[in-house]
Amino acid sequence: MTQEQPRRVSREEVRHMAELSRLAVTEEEERLFSRQFGDILAHMDLLSRVDTQGVEPLYSPLAHAAATRADEALRVRTRAEVLANSPEPNTEYFVVPRIV
Amino acid sequence: MTVDICSMTLTEAATALQKRELTARAAVRACLDRIAATEPAIGALLHVDADGALARAEELDAQGPRADQPLWGVPVTVKDALSTKGIPTTAASRILENFVPFYDAFVVDRLRKAGAILLGKANMDEFAMGSSTENSAFKPTRNPWNTGRVPGGSSGGSAASVAAGQCFASLGSDTGGSIRQPAAFCGCVGLKPTYGRVSRYGLFAFASSLDQVGPLTRTVEDCARVLTVIAGHDPRDTTSEPRPDEDFTTAVRVAGTRLAGVRLGVPRDFFGEGLAGEVRDACEAALERARELGAELVDVQLPPTDIASATYYIIAMAEASSNLARYDGVRYGRRAPDVHTLDELYVESRSQGFGEEVKRRIMLGSYVLSSGYYDAYFRKAAQTRRLIRDAWCAALEGCDAICTPVAPVTAWPLGSHATNPLQAYLMDAYTIPVNLAGLPGLSLPVGLGSESRMPVGLQFIGKAFDEGTLLRVGHVLEQALPGIGSPRIPV
Chain A
119 MTQEQPRRVS REEVRHMAEL SRLAVTEEEE RLFSRQFGDI LAHMDLLSRV DTQGVEPLYS
179 PLAHAAATRA DEALRVRTRA EVLANSPEPN TEYFVVPRIV
Chain B
293 MTVDICSMTL TEAATALQKR ELTARAAVRA CLDRIAATEP AIGALLHVDA DGALARAEEL
353 DAQGPRADQP LWGVPVTVKD ALSTKGIPTT AASRILENFV PFYDAFVVDR LRKAGAILLG
413 KANMDEFAMG SSTENSAFKP TRNPWNTGRV PGGSSGGSAA SVAAGQCFAS LGSDTGGSIR
473 QPAAFCGCVG LKPTYGRVSR YGLFAFASSL DQVGPLTRTV EDCARVLTVI AGHDPRDTTS
533 EPRPDEDFTT AVRVAGTRLA GVRLGVPRDF FGEGLAGEVR DACEAALERA RELGAELVDV
593 QLPPTDIASA TYYIIAMAEA SSNLARYDGV RYGRRAPDVH TLDELYVESR SQGFGEEVKR
653 RIMLGSYVLS SGYYDAYFRK AAQTRRLIRD AWCAALEGCD AICTPVAPVT AWPLGSHATN
713 PLQAYLMDAY TIPVNLAGLP GLSLPVGLGS ESRMPVGLQF IGKAFDEGTL LRVGHVLEQA
773 LPGIGSPRIP V
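As given, the protein sequences belong to chains A and B, one line each in that order. So the first sequence is numbered by this note's numbering: it starts at 119 and just counts up by one. So the second sequence is numbered by this note's numbering: it starts at 293 and just counts up by one.
Next up, chain B with everything else stripped away, as it sits in the complex (with noise of 0.2 Å):
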């Protein structure tokens, strides 16, 4: 019986590459045939280094397998907004539609350095902001499971990369669920790690207070080997928190069965109005298996979703105003032609390069950061987001995880939120509370939505940097569910 190689999850490849069962360029190549195979349909990705990946494999099967690289030879994709020397790096937008980084991300390299084999960069919402990869200045990404659907963001090309077996993993950001949500809409698992755990050293800032890098992958198993790999001090980041390295992948191989003595937060008011009955009943279902498995429910109370989501706003677009504004035609990027002064300079290459998202929300920034609103907007927001972090951190006092859906809906029809960003702003109610917190989330699928059929997330949410809590429970729940299989891309 022939082996399909992408159908494999990280960890069974990873052991039949340490093996020498399967080459790096047998993983490599079966990857760039799933990729040329899918790509039409989904548009995952936004630059395929097929000649790079097949040099770097031939090289390591030369070499031979490394016990010390836990990703020897695994094929993976990364987000276009981290920095990969000599490969091109646009973070979606025509502002950098020729940028190629002379230098790699701390992420890249960390996974360059276990082994990993780069094949290419996923698709994104320009700069990462936005919910479902239509925001991609070169093309939307769609939903493996359901080519009609969005595939989430902006995170959208990584999430559905894994999802169709194109890597066996991939790295996202995540400033207000963007690797969670994605995760969610593709049914795959996806981790936003505690802020300070994982350098953003070559990450292409959207809002620097907030941003984080994780993986998407499709166990969790999976992802506790590629936050193994990633997390870590990076003296380059003064936010990179300095603590030792963990082991998490022994740390969820030794979780056992059961829940037994595990406490999980539920804030009933999450699962109330504004959340879609499917939605619902899929997440219910999962926190009665964990009950069933020995973990214990508890209520606890939070924060309204929409004064969080007020904050986080203000906060993304103020932080993006000011990280943007570097963007000027001058040193790298895109440069208008025929302009006469210095002004014009800027104006014009910055109106010709970034996408209409992109504006609204470095206009939304400037005001709320201008003389006059500064008070009213600014400070209220980051005042109240105090507030928010003192109830999450409170609330996790009584408990080891809590549990929230991932998105109020399942994956929602291309083009449907194209005239109102409000509306698709509101769909990152659940999310964006982890981000204003520094706190650590994990989107794990529980299951189909009984009328889209699409896949719904459950996410955990844990107490700073304990990772390690979140990824037991959602491995030990994970092997409990029964599972959502694959997505059937037509091809």
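Just chain A, same shape as in the assembly (with noise of 0.2 Å):
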């Protein structure tokens, strides 16, 4: 296998990641994610010698078009089935943290 050569990911980029991602990363994190993107993203780099100009992008292997259920409201699931595995035992609602 070959790769491109190793680049920086700084732990400044590493942050912002995190923060797209709504996640949080320790320091200890942050530095081994920012030499290990460096390789990875190295290793993605290798596209760049692929001459894709005018190439469609493929999406999905799909052999046939997707087919999309009739827009009907129905009622497959009860109240008790959804809020089952609720992380705060309620049997009306999914409650969050109150926040005001």
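Hints are computed from structural coordinates only; laboratory data are not their basis. C-beta: ideal position from N, C-alpha, C; glycine also. The reader is advised that the hints may include incorrect statements.
Said to hold, decoys possible - Label-pair restraints from in silico Cβ distances:
| # | chain 1 | residue 1 | chain 2 | residue 2 | range |
| --- | --- | --- | --- | --- | --- |
| 1 | B | Asn712 | A | Val194 | 41 to 47 Å |
| 2 | A | Arg167 | B | Arg358 | 54 to 60 Å |
| 3 | B | Arg745 | A | Val194 | 50 to 56 Å |
Taking the hints as your guide, dock the two standalone chains into a single complex.
This is the structure we're talking about:
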């Protein structure tokens, strides 16, 4: 396997990537990811040598057109089923922490 | 002489069950005993539903066998990424630690309707991200052939469970080789069906345009039997192909013993640099055997594996970052305590719930989709994906199947890729183009490595929806090869 030259990903960039992902990273993770992301992105940069001029992107290998169901409201689940795995038990709603 | 139930193939067990030479209860009991004996050494399962399995067995025994249920009384396990009604399902993640679904995945429903008995949920890499089953949040699985080595991944629990005789078949999911590679590492047969062949309804999504559910079994005939059960159209999955059901079991039974008229494409570049000598030797010996059986081996040209690997990881990580956005601590899954804002709720719940590899992939996925990088990475990868798909489909025009190694090496020692994720990513080089192109791929055990004494798998890749050819070729070759035996697990 060939690899491009290693590139640098700063800890600030790692923090930005975490923010985009709604994740918090520790200082140790920042250091680890900044080193590893450089190697991984350098590998991904191999694609720069592929000529894709005029090539239509392929987002799915699906042979048929994706079928959509009729736009009809259906009651397929009970309220109890839907709420059963809610982190905060309540028989009526999803509860989130009070923030105001 | 006492029959060792757990060493039977699925086909043998199903036949004995249908003839009432074996009861469903005895089959389940034997598997539960094997689980009790082997789990301390291999850790293949995250949840065992012993009571549920025994109750179901007794129910089936009372009703009697049904010819229209091809898996009547057969104990199976399924990967923990598949939703099981009333049975914990975690995708091996802390974020879903106490999650109990209220519905069955399409494939689980199909297994139950075919008479199969669900024994438990198989360990995996968290959200199917990994190739060693060391990324499970709960415990690593060990290879039954050598417990110092990985079973492969991400469906490593499924493969180890089948290889150890804990069940007669297991279901895995394959995003970039996650059925075929653990099958190869554990000496099982593994099939990644054509994208759209098997419904993904109830499979916890990793990368939606790549994921596909498929069987892991001890023989090709068993694999055909399970595929016949789980393949089929499902209107709840918009990517499920609307096509009539096919009987792969009969197709394999009538395969004969020769491969005359079969053209097998061999990409010579895939057998060169980077491939361990013992893997090359085992694969080439199997190809030579195929030639002796009448197959014609033809050279094919395919895009370089490093380009496919870069394409795959961009697409897979991008789709993962989008799919895993749903884990926010609001409706299900882990919720961080003592948070004061909605943002904190999201960030803390996700940060505490996801493991390191999942965080790594979500962050890189967000990056390649972010403004400024979308065109350079994600769009570029999607364009390259089309070139790769077109090249593979063109190569398959000249042959019935393409043969490659499944992995460049045999199962590696636990912990050996722990600090270098890129090194681990590159281990998928031979399997990922198949997912990018949406084609079917079969992993067949063809021998043991001369140095490692670990199983080696040969991969057969076919045209879209031509699983029948792969199963027929695999079955004929399987019958002609000496076989690799069974692992001896320390108990």
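Hints and how they fare:
1. B:Asn712 - A:Val194: 41 to 47 Å: Since Asn712 of chain B and Val194 of chain A have Cβ atoms about 46 Å apart, the given range 41 to 47 Å holds.
2. A:Arg167 - B:Arg358: 54 to 60 Å: For Arg358 of chain B against Arg167 of chain A, whose Cβ atoms are near 58 Å apart, the range 54 to 60 Å holds.
3. B:Arg745 - A:Val194: 50 to 56 Å: holds, 52 Å
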